[in-house]
Amino acid sequence: MSLELLRDLASWACLLAGGGFCLVGGIGLLRMPDFYTRMHAASVTDTLGAGLILLGLLLQAGFTLIGAKLLMVGLLIFFASPTASHVLARAAMIHGLAPQLADSAEDASSKP
Amino acid sequence: MLRSLSLFLFLSVFWLLLSGMPLPFLLAAGVGSALAVVWFAHRLDVIDHEGHPAHLVWHAMLSYWPWLLKEIAVSGWQVTRVVLDPRLPISPTLVRMRPSQTTDVGLVTHANSITLTPGTISLEVGSDEFLVHALTRDGAAGVQRGGAMDLRVRALESRPEKAG
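Line order of the protein sequences matches chains A and B.
All residue numbers for the first sequence refer to the numbering used here, where the first residue is 573 and numbers rise by one.
All residue numbers for the second sequence refer to the numbering used here, where the first residue is 30 and numbers rise by one.
Bear in mind the hints are in silico, worked out from the structure with no lab data behind them.
Any given hint could turn out to be false.
One side only, chain B facing chain A, incomplete, derived with CB under 7 Å [as the list claims (entries may be wrong)]: (1) Leu46; (2) Gly49; (3) Ile101; (4) Gly105; (5) Val108; (6) Thr109; (7) Ile119; (8) Ser120; (9) Asn141; (10) Thr144; (11) Leu152; (12) His162; (13) Leu164.
Anything over 10 Å on all C-beta distances counts as not near chain B; from chain A, calculated [stated by the list, open to error]: (14) Leu575; (15) Ser583; (16) Leu631; (17) Phe635; (18) Phe650.
Counterexamples of contact, computed for chain A against chain B with all Cβ distances above 12 Å [unchecked claim]: (19) Ser574; (20) Leu578; (21) Arg579; (22) Asp580; (23) Ala582; (24) Trp584; (25) Ala585; (26) Leu588; (27) Leu629; (28) Gln632; (29) Gly634.
Here the structure is a predicted model, which is why all the values come from computation and not from measurement.
Note that CB positions come from ideal geometry on N, CA and C, so glycine has one too.
Given these sequences and hints, build the entire structure.
Next up, the structure:
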């Protein structure tokens, strides 16, 4: 088995798994009951989904300029995506969208 | 001064990697742009331990990020199992915690790390309290003062800061 083939296999495994996690994020987006729980599902897409697809592409690119740019895309997602998620969730919170909670309301609102 | 130099080097490498064409004109334009940005940043007074936290980079890359990536993979897999479970076993929970970080960079890193791991989102972030929404009770239990993430970010931010 050549090294080339091994790299292609690893790359394909990453791309397929990444695509699968994107799909899971989408399914979760549809199945979850409210805004906040849907955001949790979506975060699977932008962490594991995007991450594994980038890793698969990185294996194809190797140590090239393309590879460096793919790493930069990864870094951008790494820093920007949680910030955007936080702002979105916080905006919903400020505008009074109450999350559906598993426990009773008084239990959740009481500060420890 | 050292920090300005570090910012200049970082920007120049950034330009080189994005451009990828070592022509004299483009290299000169890159150096010029990097210098201009450093000058602007200097005038804005944002070249400090916060705007350009270069003293944290190595420790973050070698120690904190690998651990965080592992956490993302683990919790991403847990959320995936919840999503694909026919019963959809969620127990959304709000949890408040007191972070032990003292610097702004540390607090932001901690809050972003919470949001980055699937299954938990930081809703409100302050220096004395975080409000976190978790998809399951188990996920909420992991978010607490003295928890693994809290301790690791505390260790990261308390790296000694060299004069710059």
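Problem - Hints not upheld, ascending by number - result: Result: hint 18 breaks, nothing else.
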